[in-house]
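Asker: From just these sequences and the hints, can you work out the full model?
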Amino acid sequence: MDISKRTFDAVIVGAGGAGLRAAIQLSESGLKTAVLTKVFPTRSHTVAAQGGVAASLGNSEEDHWHWHMYDTVKGSDWLGDQDAIEFMCRKANEVVIELEHYGMPFDRTEAGRIYQRPFGGHMSNFGEKPVRRSCAAADRTGHAMLHALYQRNVRANTQFFVEWMALDLIRDADGDVLGVTALEMETGEIVAFQAKATIFATGGAGRIFHSSTNAFINTGDGLGMAARAGIPLEDMEFSQYHPTGVDAAGVLITEGVRGEGGIQRNSSGERFMERYAPNAKDLASRDVVSRAMVTEINEGRGCGPHKDYVQLDLSHLDPQVIMHRLPGIREISIQFAGADPIREPIPVVPTAHYQMGGIPTNHHGRVVMPRDGDANAPVTGFYAAGECACTSVHGANRLGTNSLLDLLVFGKSSGESASEDVRRMPKAHKPLPQEALERSVERVRRLDAQQGGADVHETRLALQRTMQNHCGVFRFADRLKEGVSRILEVQRDVQRTAIGDKSKVFNTARVEALELDNLIEVAVATLVSAEARKESRGAHVRDDAPDTPEHPNGRDDQNWLRHTLWFRDGNRLEYKPVQLTPLSVDTIELKKRAY
Amino acid sequence: MSTRTMQFRIYRYDPDKDEKPYMQDISVELDHHDRKLLDALVKLKAKDDTLSFRRSCREGVCGSDAMNINGKNGLACLTDIASLKQPVTLRPLPGLPVVRDLFVDMTQFFKQYHSIKPYLINNDPPPETERLQSPEERAELDGLYECILCACCTTACPSFWWNPDKYVGPAGLLQAYRFIADSRDQATSARLDDLEDPYRLFRCRSIMNCVDVCPKGLNPMRAIGKIKDAMTKRAV
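Quick note, the sequences are listed as chains A and B, same order. Everything in the first sequence is counted per our numbering, starting at 901 for the first residue and increasing by one. Everything in the second sequence is counted per our numbering, starting at 88 for the first residue and increasing by one.
Please note: incorrect hints may appear among the correct ones.
[Stated by the list, open to error] Cross-link-like lysine to any residue pairs, in silico, SDA-like; alpha carbons within 25 Å at most:
hint : chain 1 : residue 1 : chain 2 : residue 2
1    : B       : K172      : A       : E1231
2    : B       : K134      : A       : G1088
3    : B       : K134      : A       : L1361
4    : B       : K130      : A       : V1054
5    : B       : K104      : A       : R1343
6    : B       : K303      : A       : V1221
7    : A       : K1327     : A       : R1345
8    : A       : K991      : B       : D121
9    : A       : K991      : B       : L219
10   : B       : K134      : A       : T1087
11   : A       : K991      : B       : E215
12   : B       : K107      : B       : R96
13   : B       : K198      : A       : K1402
14   : B       : K198      : A       : V1054
15   : A       : K1492     : A       : Q1235
16   : A       : K1181     : A       : G1169
17   : B       : K204      : A       : A1056
18   : A       : K1404     : B       : P108
19   : B       : K130      : A       : H1357
20   : B       : K104      : A       : R1175
21   : A       : K1404     : B       : K172
22   : A       : K1207     : B       : H120
23   : A       : K1404     : B       : T137
24   : B       : K104      : A       : G1352
25   : B       : K159      : B       : R271
26   : B       : K315      : B       : E227
27   : B       : K253      : B       : V298
28   : B       : K198      : A       : E928
29   : B       : K303      : A       : Q1220
30   : A       : K1207     : B       : D121
31   : B       : K134      : B       : M93
32   : B       : K159      : B       : I113
33   : A       : K1402     : B       : I113
34   : B       : K134      : A       : G1169
[Claimed, not checked] On the chain A side, residues computed to face chain B include the following (Cβ under 7 Å):
hint : residue
35   : G1003
36   : V1151
37   : V1405
[What the hints assert, rightly or not] Just a sample of chain A residues kept apart from chain B, beta carbon distances all over 12 Å, derived:
hint : residue
38   : E1028
39   : A1073
40   : G1200
Calculated directly from the structure, the hints in this document are not laboratory data. Where a beta carbon is used, it is the ideal one built from N, C-alpha and C, also for glycine.
Answerer: And the structure:
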């Protein structure tokens, strides 16, 4: 079957924060760039980010990038690469100021500067006390940011392919990346996008879990495509549970609520975080707060008729603060919990939120994988940024507000690297390998022709329940093991999904089935990697690696201070060292994490 | 677990197989977890996977699932099931071409949005730090920047139905005023020139449907009024 071809200098997959920031870089540098996106750009999930973007601007009190770096390394439980973390924290002011120049409507201080609020894990003077580092536009920072980035792209005349779903990464025999195949949803046509640089900015895969803060579209498409093309996925066992998802609905309530003074309480009204994190209290790191909440619930101190949530209390705050700084969460709470936080507490539970792992990249946004003894050899023509990438700045646990920073810094650096590399490449494009194109066509053809196969909705539900039950806030050796065999069963069903809808026009049943092909790669990678890591670190805490004097918090640096690389082929695992040497400052030395 | 049945009448059209659109009567069993119309639609889709609609964030910030619900435009994810009279009649947003089922072609809507130059224009060399803006100046943007481009307002506007190619529509005009109101923007005069036209701005007949349907509680009418005020002010 012949498929038509479109040729560009660069193709970006995804139009959330990272994709749009990369697109600005490429469009403004004059390269012929295509941005493919499943949804209109302003519908991407960056839009749902609430609390802010970290930068040590010091607009309200003294701050320093080095303190931010320390907090990020500590937050990562020392699994983050210190060169990338230094790079990100030093770049923060520049990219946030740029965003303001693009028109981002940040809230302001009396002096007219960008408003900053405290956030979990962000401290002054190397962990002393909370600092105001989160640059915010009320509690709609992601929305304001995504729109500002889109608007800058309108100015730059970026070419968007809206409601196109990328299907597969095109790699040739040398391992070089030459573009992607994609499906135009409106017509059902499959097209090859040939490019010298391919940037993945496809976001996360929160939909592998049954209860998630993530949008329906967050199905790990970039990770699935990379895995199918032989690229490993790094540190996938580290899934972040956000402490405050609305009970039952899963909708996110920003940590900025606690930054503005909100307090979590158990059934007896106790501010329980004082026992778990005497210094940072409610503003401890997310993994720490989520575990404290689950412990409270497990020990019978949860709230409500089933004692299965805790309360986030804002009722002591000035209603003006809630109306001006937190209007969006008030709306969400009224809509999804039936509670007006001015008067009543919000029922919250830890909810799957973010994946720290992803496609391995360096801090230039170039995708890297082991080759000829080099653990970090760049893959020619391939870049990744944002949640789909593992740079790794978040290590075993991400700090709030560092994701919006990550997508700005590495969206920009991946765009710069791509632009630099494309200019150095030969003028002619390498030929596209026919069999790579055939694979996508075959995948769609199989789906359309499948008779009596597995139901997409049911199979996805089985996947999500497996992840929810076997890979939660606390993990158990036996359940992880069982989870691996269960998810491999689900994988067999995914290979034989069937759909009733045979239309070519906006066939969303087909899109959901193709998304499931990606979800399963992420789910398998997560469970296999988690089962294998026999220590507790950051968001990955298991019953057989408890807190002992030899292994504080269950962390085992001797054996496990290393990154996981999962390869799809045979579920093979390799490991690579953590980069402990920063770019210019001294290593932030390993120590026990406490808040 | 208690369940209840909910009745729907849904506009269906697949150009690949249907000669013309029709209304489908369909029902679905819901349980106590299902609070919003979108929850019911997801269940309907599990039952009949040919039903097509857009959705993403399911919390009212992405603007994907705008549709006409019992005769009024709104977001499925913010509409309480309990508030709806049955059978719940769902149609695509009015005034835009239907591509399939509840999918409309949004091209004209975004064309109008793009036509107002929806980006900050400031030709001074950017300073090393942020451009300063007082809290009062910033407050001028409240009620404007929160727009999610769902098109509920514009597609509820008869003036847009008659002149979708010439009238900017409430969403686009709200955004036009968002930049006029921004103390950092230098293009106010050019922006007003562009809108001073019998169609682009002045097709607004103060029908107020836009205010009535906005799922974010925004007020495009007031923004349109403020643009007109700015024009009057510069004329004298």
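Asker: Is it true that the CA of A:K1402 sits at most 25 Å from the CA of B:I113?
Answerer: Holds, at roughly 20 Å.
Asker: Quickly compare the C-alpha distance for B:K134 and A:L1361 to 25 Å and report which way the hint goes.
Answerer: With a Cα-Cα distance of about 14 Å, the restraint between B:K134 and A:L1361 holds, given a limit of 25 Å.
Asker: Regarding the assertion that A:G1200 does not contact chain B, is the least Cβ-Cβ distance greater than 12 Å?
Answerer: 24 Å, holds
Asker: Next pair to validate is B:K315 with B:E227; report whether the Cα-Cα distance is within 25 Å.
Answerer: The hint holds at about 16 Å.
Asker: When you check the alpha-carbon spacing of B:K130 and A:H1357, does it fall within 25 Å?
Answerer: 9 Å, holds
Asker: Taking only the CA atoms, is the gap from A:K1404 to B:K172 under or equal to 25 Å?
Answerer: 34 Å, violated
Asker: Within 25 Å, alpha carbon to alpha carbon, are A:K1181 and A:G1169?
Answerer: Answer holds: A:K1181 to A:G1169 is near 15 Å, not above 25 Å.
Asker: Is the hinted pair A:K1492 and A:Q1235 satisfied, with a Cα-Cα distance of at most 25 Å?
Answerer: Since the Cα atoms of A:K1492 and A:Q1235 sit roughly 41 Å apart, the hinted pair is violated (cutoff 25 Å).
Asker: For the pair supplied as a hint, B:K198 and A:E928, confirm whether the alpha-carbon distance does not exceed 25 Å.
Answerer: Given pair B:K198, A:E928 holds - Cα atoms ~22 Å apart, limit 25 Å.
Asker: Would you check the hint for A:K991 and B:E215, treating anything up to 25 Å between C-alpha atoms as holding?
Answerer: Given pair A:K991, B:E215 holds - Cα atoms ~14 Å apart, limit 25 Å.
Asker: Taking 25 Å as the top limit, are the C-alpha atoms of B:K104 and A:R1175 close enough?
Answerer: 63 Å, violated
Asker: Holds or violated: B:K303 and A:V1221, Cα atoms, limit 25 Å.
Answerer: 20 Å, holds
The earlier numbered hints that this structure contradicts are 4, 7, 8, 13, 15, 20, 21, 25 and 34.
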